[in-house]
Each structure stands twice: as C-alpha cells, then as structure tokens.
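Student: What follows is each chain in one-letter form.
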Amino acid sequence: MTREGAAFEAGCVEAAPLLDVEGLSVRFGVTEAVSKIDLTLSPGQTLAIVGESGSGKSVTALAIMGLTPFADGHIAEGAIRFRTRDEGVIDLATLPEPKLRRIRGSEIAMIFQEPMTALNPVFTIADQITETILEHQGGSAREARAEALRLLKKVRLPDAEAMLDRYPHQLSGGMRQRVVIAMALSCRPRLLIADEPTTALDVTVQAQIMALLAELKEETGAAIIFITHDMGLVAETADDVVVLYEGKKVEEGRIDRLFATPSHPYTRMLLDAVPRLGEFNDTALPYRQPVTIMERGVARQVGETQVQDTVDRAAPLLVADKLTARFAVKHNVIGRATHLVHAAEGVSFAIHPGETLALVGESGSGKSTIGRAIQQLVRPTSGEISFDGQAYGAMTDSTRRALKRDVHSIFQDPLASLNPRRTVGDSIAEPIRIHGLLQGDAAILDRVQGLMAEVGLVPDHHNLYPHQFSGGQRQRICIARALAAEARLIVADEAVSALDVSIQAQIVQLLMRLQAEQGLSYLFISHDMAVVEKMAHRVAVMYLGQIVEIGPRQAVIGAPRHPYTQRLLASVPVPDPARRTTRSSDASEVPSAMRRVGDPPVQVQLVEVAPDHFVAGA
Amino acid sequence: MTDISVPVVPTVASKRGVFVQLMRRPTSGVAIIILLVLVSFAVFAPWIAPFDPSRASVGPRLGGPDATHLFGTDLHGRDVFSRVVWGARYSLPVGLATLLLGLVAGGALGVALGYIGGRFDAVGARVVDVLLGFPAIVMAILVVSVLGVGLVKVVIAVAIADIPKFARVIRGATIVAKQNLFVESAVAMGARSSRVMFLHVLPTIMPTVILLGTLNLGGAILSTATLSFLGLGTQPPTPEWGTMLNDGRDYIRYAPWMMIAPGLALFLAIISVNLIGDRLSEIMDPRSRGRE
Numbered sequence: 242m243t244r245e246g247a248a249f250e251a252g253c254v255e256a257a258p259l260l261d262v263e264g265l266s267v268r269f270g271v272t273e274a275v276s277k278i279d280l281t282l283s284p285g286q287t288l289a290i291v292g293e294s295g296s297g298k299s300v301t302a303l304a305i306m307g308l309t310p311f312a313d314g315h316i317a318e319g320a321i322r323f324r325t326r327d328e329g330v331i332d333l334a335t336l337p338e339p340k341l342r343r344i345r346g347s348e349i350a351m352i353f354q355e356p357m358t359a360l361n362p363v364f365t366i367a368d369q370i371t372e373t374i375l376e377h378q379g380g381s382a383r384e385a386r387a388e389a390l391r392l393l394k395k396v397r398l399p400d401a402e403a404m405l406d407r408y409p410h411q412l413s414g415g416m417r418q419r420v421v422i423a424m425a426l427s428c429r430p431r432l433l434i435a436d437e438p439t440t441a442l443d444v445t446v447q448a449q450i451m452a453l454l455a456e457l458k459e460e461t462g463a464a465i466i467f468i469t470h471d472m473g474l475v476a477e478t479a480d481d482v483v484v485l486y487e488g489k490k491v492e493e494g495r496i497d498r499l500f501a502t503p504s505h506p507y508t509r510m511l512l513d514a515v516p517r518l519g520e521f522n523d524t525a526l527p528y529r530q531p532v533t534i535m536e537r538g539v540a541r542q543v544g545e546t547q548v549q550d551t552v553d554r555a556a557p558l559l560v561a562d563k564l565t566a567r568f569a570v571k572h573n574v575i576g577r578a579t580h581l582v583h584a585a586e587g588v589s590f591a592i593h594p595g596e597t598l599a600l601v602g603e604s605g606s607g608k609s610t611i612g613r614a615i616q617q618l619v620r621p622t623s624g625e626i627s628f629d630g631q632a633y634g635a636m637t638d639s640t641r642r643a644l645k646r647d648v649h650s651i652f653q654d655p656l657a658s659l660n661p662r663r664t665v666g667d668s669i670a671e672p673i674r675i676h677g678l679l680q681g682d683a684a685i686l687d688r689v690q691g692l693m694a695e696v697g698l699v700p701d702h703h704n705l706y707p708h709q710f711s712g713g714q715r716q717r718i719c720i721a722r723a724l725a726a727e728a729r730l731i732v733a734d735e736a737v738s739a740l741d742v743s744i745q746a747q748i749v750q751l752l753m754r755l756q757a758e759q760g761l762s763y764l765f766i767s768h769d770m771a772v773v774e775k776m777a778h779r780v781a782v783m784y785l786g787q788i789v790e791i792g793p794r795q796a797v798i799g800a801p802r803h804p805y806t807q808r809l810l811a812s813v814p815v816p817d818p819a820r821r822t823t824r825s826s827d828a829s830e831v832p833s834a835m836r837r838v839g840d841p842p843v844q845v846q847l848v849e850v851a852p853d854h855f856v857a858g859a
Numbered sequence: 017m018t019d020i021s022v023p024v025v026p027t028v029a030s031k032r033g034v035f036v037q038l039m040r041r042p043t044s045g046v047a048i049i050i051l052l053v054l055v056s057f058a059v060f061a062p063w064i065a066p067f068d069p070s071r072a073s074v075g076p077r078l079g080g081p082d083a084t085h086l087f088g089t090d091l092h093g094r095d096v097f098s099r100v101v102w103g104a105r106y107s108l109p110v111g112l113a114t115l116l117l118g119l120v121a122g123g124a125l126g127v128a129l130g131y132i133g134g135r136f137d138a139v140g141a142r143v144v145d146v147l148l149g150f151p152a153i154v155m156a157i158l159v160v161s162v163l164g165v166g167l168v169k170v171v172i173a174v175a176i177a178d179i180p181k182f183a184r185v186i187r188g189a190t191i192v193a194k195q196n197l198f199v200e201s202a203v204a205m206g207a208r209s210s211r212v213m214f215l216h217v218l219p220t221i222m223p224t225v226i227l228l229g230t231l232n233l234g235g236a237i238l239s240t241a242t243l244s245f246l247g248l249g250t251q252p253p254t255p256e257w258g259t260m261l262n263d264g265r266d267y268i269r270y271a272p273w274m275m276i277a278p279g280l281a282l283f284l285a286i287i288s289v290n291l292i293g294d295r296l297s298e299i300m301d302p303r304s305r306g307r308e
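Chains as they are written, first to last, in our numbering: chain A, 242 to 859; chain B, 17 to 308.
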C-alpha cells in the first residue's frame, strides 16, 4: 500500500473503526499497569504501540485479547469495542470467557515474541496448525491438512510439504516464527496483534519476517497492532504510532508527523536514543555524544561530545592467531563423534590497547565462542591466543589464572551473571577478593563504593540484591565488577542487546567514557550494526565461524565489500519513515555450521582491498 | 564522578526475621507452635510429666484416659502421657541426629559428584542409583544387623541408608546450579573451585538442601521409630515413641490409647516439621522476599 493510499483509507473509514479502545485501565493487584488509554484502529491499518519495558504496551495487547486474567490482572475500567464480522460491535472488556475464546483466533490473532514457547514441542507443525483450523472452521482432517500446507506456502516457508511433519525444535527461529504467523492466519483474522515478533530473531531474519508481515497485510487486508520498542521497525511498517510511557499514552499521530515533529519530551528522547546506521560514520574515529535521559518526566542531557581517540597502535594487547574451535555434536553407537560444529575456523585478529574491536555476526556465527576462548572458558581445538605478547599455551597455570583478572566478561543477561543471593557490593568485590587486590573489609567497601559512583550508581546501595535493580543498573554493576578487577580487556558479549534503547545509549556512553579515562580495550560482540558503528574502532564480520571482512569502522560499514556484510547492513531498520524501502521477502536460511567429521569447511583467504581492510575471497 | 543517577526499582526488602515470617502464615505458624510444644516436652520432661515414666503401678493396669492419666495407663500401670512427654527426649534428637549425619555425608557426596562431573560422576552416580534400588528401611535393617542393636547404631544405620537419596537429589541440584551464568563468570574471574563451590554453588542449592532436610526430618524420626518398633533400637522400658507403639501393639483392641498417644505425637512432629520445611524453602529465596 502506498503512503497516500493508507492515508486515504484511514481518512474515509474513520467513521467505522475496527477497534475502539476507550479509557482502558488494567490493574495487577494495586499497581495500575495501564491507565486510561484510548486507541482507534481502522480496518487494514497498522498501528504501532511503542514504549520501553514496563510502559504497559504488552499489557494493552493482553487486554485486547482478553488474556489479562491469565496474567493475574484485570481490566479496571474502560471499553474495548471491536467490530466483529457478523455480530456487530461488541465490548471485549465485558465479554464472558467462552465468547472471547471464539473471537480469539477467528477474529483476533496474536503473534508472540518467542516462537518456541508459542509452539507445543511434542506436536508436529501439521498437528498444531490443523488443530486451530478444525476448532474454528470444522471440516475433515484431510481438508485441514491441505489448508495448513497452503498457509505454510503463504508464509513462504521453503519446502512446506516436508515442514508439515517436522517438530518445532527441528526448525530455526525464523522458520518457527513463520509457522506461528501461519497459525495466526489460519482463521483469517481481521486483527493481528504482533508483540515484539522479531526481537528474538537475527537482523536478517527480522527483515524477512517484517517483509512477510507487510505482504500478508496487503493480501489479507487484516489490521495489525504492532508492539515494539524498536523505532527503526516502527518507521518501516506503521501507519500510526502510539507512544506509551509508564502506562500512559503520551503521544499519538501519523508516522511521518511523529518522526518529523515529536511533541512530547519522551518521544523526542526515544527518537534521540535510536542508533541510526550511518549517523556516526562521517569520521574515522568513533565519538560519543550527550544522551538524553528522562527523570520523573523531565528530559535532560548528560555527557559531552568527545572523539574516541584512545587507540595505542604500538603493540597489540591481544592477538588471536588462526583460532579454531570445534565441538562434537553427534556421536555414533560406540561414542565416536560423527558431526562437528565448526564454531570458529582459523580466526585471526588483534586488539590494541584502548581499542574497541566489534565482532559482528548472527546466532551460530561463532562470535561468542571466540569471546569464551579469550576468557579461557573453552579450549580452542587449534590456534593460539596471546595476551601482551605471551601465548596462552606457554603460560603456567598461575599466570593463566592471574590473566583472568586482565580479561573480564560482561554478558547479555546481567541478572543471570550476578549471584542472586549475594549483595551487589559482594559481587563487585569478588575479583578484588579472588585476586587479593586489597586487604581489609573497610578498604574493599571503600573501593566498591567508589566504583559504584564511577559507573553511575548510588554507592549506598551496595547492600541491596541484584533483583532490586533495573536492567540497565544491573549492567552497570557488571561493569563496576570489571573495573574492580582492573581489567584491561573487556569481552562484552551482546552486553547492550537486551536493554531498552535509551538505557542502551547510556551504557554505550559509559563504556566509551571509561575507555577514554582508563584506556580499556573492548571486544564488543554484537549483532547490532548501528550500535557497533557508534562504538567500534574496527569491525570484524563473522559468518559460519570465519571472519569474512575486517577493517576500520568507516571502511566496513561505509564501503562493505563482502556480500554478507552488505546483507547484514541492509537488514538494519532505518528509523526514518521518509526513507522507507520495500523489501522483498526472501526466505533464505543461513546454512548450519555443523559438518561431518572429515569434511572441514574451506578456509577463506582474506585479501587486503584498502589499507587495513581485509575481505574474504575477493 | 556521577553523570547519571537512576532511581532504584522500589522493592519491599523485608528485613524481618525468618521466625516472624514463619509465624505470619497460619499453617507454618501452627506447625511452629506444635513443634515448640514437643520440643518443650523434651527439654522440660521432668517438670511437665506428672509421673515417673518408668515407674510401674502409678495407676490401674490398661486404665483408660481420665483426669489423672490423660492418655491412660499401660500394661504395667505406667502413665502413658508421661511416657509420651519423656519419649520426645529420645525420638526428636535421634531423628535430628540421623538426618544431619545423612545429609552432611550425602550432601558432600552429591556436591562432589555434581561439581567435578566427568568419569568420577558417571561411576559414582551409577553406584548411587544401584543403592537407591534397595528400600531404605531394608538397608537400615541390614546395617543394624551388621552393627548390632542399639540407639546409636540405629542412628548410623538410618543415616547410611539415606545417603544415596540425599546424594542423588543434591547432585542434580548442583549440576543445575553449576550452569548458572554467575558460576561461569566466577570461573572466568579466576575463582578457585573451592570458592565457587562454597560461595556460589552451595548457597544456590541451600533451599533444596533445607527442603530436603526438613522433608526428611519427619522421615528420619519415622525410620528410627520404625526400627525401635521392630525391636532393633531402644529397648523397653525406654519411653521412645516407636518402642511404645510396639508395646501397645498386642493391646490395640483393649487399650488403643497405648498406640494412639505415641502415634499422635509422631504424626504431629512429622507434619509440623514438613510444613515448616515448605515455608522455609520459600523464605530462603531472596527473589520471593516480600511476596506474601
């Protein structure tokens, strides 16, 4: 649908909205998760509900689906008027559960964030799809199976016939999400609610799914409520946007108007925080900028603009030389390995003091394995890593243990990497105690409090537990722990990927400030090109366990040579509705890194195409 | 230098003691009161019991309950209530000692198997599985028949019989705990195995251990009482609850109070311990704190 077409349609069907939510409030116990929200949605329209964690966007979706009682909440007030196919307008807020169940699936369908949890692992794909078809439409099992096949083809699942008899775990994440969409479409819903449908997927797969949703909307004419925290995706798909903040609607409007002239400070902050690919690519070195933060509804700017000229080119801090890691995944009857996952194959790179090297790739590309090898959590099959000129293999056990102080990891999930039974002060002090850096509890506490202040936490909170902090604060705790170890290299494995964009911007700024102040080096493992561009001095792109392109940030992101790098960059959503491009929905899958024993992959050869810029194959 | 201050997520961090939290729930509160009564029986037996538990003919033979003899009298005219009160002195500490012995030995084995893993675990876990195949009480009888009859020997026998059960559960909990990311990050920071085990793994499995302990304290009291009931533990005239049940067996049709009274004491001790165990494992988890 063209932009004008959408505007025209939205204009003329205003009189008969498909969904009209008025003054909706949802409570969980005494807390009000959503208060007095109004929404209207016309047939065939895409409405994006945007907000960060805790803004009430998912709760709104649950309320429309009538699922709040299952989450221990209830609709306190308001009406959810939905125009059904043949019963006229009904209020979903007051509808009894049996009737709601009929609406769910046949009129309104939902796509969840994690496709694995939405599918039952013990049934085949055909079983799950035919079940909904038989439930709502009746007919014979044979007809239902034919219909299931048609739906799988409709969601462009390759080899649909064979997929019918597979189990969910045999499918990749993207394929599973296609199945979930097929199930949602099985009863020709008039409203599709997609709650973060691509958050758990890789960027290239995300682009595929978003393109698919857009095409299906064209074909079926269903209206879509699209719930997300990603402004880039909003810009690419939505007609209208509603911004939620702390359970309240703070702004709504047509997409172009909202992106061009956001009126509420929160919307402005949200748009500011979105990393835009290409935005930071005008300079050779990355630079940090002030970030906007919201405090009790008031926005203010913190930090300063500073070029990140921190790299010391003299001697590398860490060198990986032809690093190879393989894991046996399948065994024959007598326990001999028959299949290996080639997580890393001949990976070589160097990190200099004060440098950020980004390792980019999608799930299964082996980027985390490399981080774990550097952290001595996996032993490489072959190849060598050396730190400060000393090879790991040549070190004594005690040197290798002492090295764990210099190299520190920050993980994607900060809550899981902190012991829930220990106070955050104890967690931060852990490396100090392990390596005996300071003596005496008073001195350690003093240091811990200093570090907490350093990373932007309240020092007096040292005796609280991790669950009492928010996601961003927990990541700050993990950073403080790395500083406590006086680490020289920090392996940040998707360290900001799970955070809200505004928090993400703050953490990135913190990491960059610490780099400038303390000369830290980072191995920044990520799938998010926009964040990588903001932080990294050099970028390495990994594909199936091998580096296919490595070079300075400006070269790799600005002038990518390898087709995979180009595809990765093209998949990043552009947070600008004026630059909306139509993507074609291909369904290509990344091949597996699992191979038979005795059939190793071909080692790609890197060729220097520009100073310091190496590309595979060429 | 603070550039960003962010407010802490407000949570109701409860600083109340464990005891207060136990008392706030009706079930665990009542259980605590019952257990306190039984414990006070054990501690203050000479003052609470109206008669000497071993003195014969303080009342009629096989006399029914009345105002002087609350639970009636037995074959030798001994006061059953006094014997139940004194019996707490034997049954409760014996059960507790048995449990602790079994839990420490089984727990150490379980943590070692789970944490070290590899071939050691593969062999050890299979041996434990084989031992689990024997019914615990049969194992205990076997051990007593080797060690000989007596209270201390019963304690050792039941503890040994319980080791495979504890080892198995704690091994499983250890393997799960080991997979936590914070265990991996401690390893990545260079922590030694002993530190990781005591600081990270052990506290994580503590709720399991405590639950296992309290749920089995009832079982341990029961097992030791059972062995006494079978005549392998304390010998008459010691007023142990299991022995008393054995004494009353022949007269169950004429003097049921001889079995009902010690049986009731056993039942109350076991159920109250179990209820407290359930609640305790909830309180032990800091993430559920403040949730009522």
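One thing to keep in mind: the hints can contain errors.
[Stated by the list, open to error] Computed list of lysine to any residue pairs in SDA-like fashion (alpha-carbon distance at most 25 Å, straight line): (1) B/LYS194 / A/ARG674; (2) A/LYS571 / B/LEU38; (3) B/LYS194 / A/THR335; (4) B/LYS194 / A/VAL619; (5) A/LYS277 / A/LEU308.
[What the hints assert, rightly or not] A few chain A residues that face chain B, going by a derived Cβ cut-off under 8 Å, partial list only: (6) LEU618; (7) THR622; (8) ILE626; (9) SER650; (10) LEU659; (11) ALA726; (12) ARG729.
Note that these hints are calculated values from the structure, not bench results.
Where is the CB? At the ideal position from N, CA and C, for every residue including glycine.
Student: Would you pick out the hints that fail for this structure and give their numbers low to high?
Tutor: Of the numbered hints given earlier, those the structure breaks are 2, 3, 7, 8, 12, listed in rising order.
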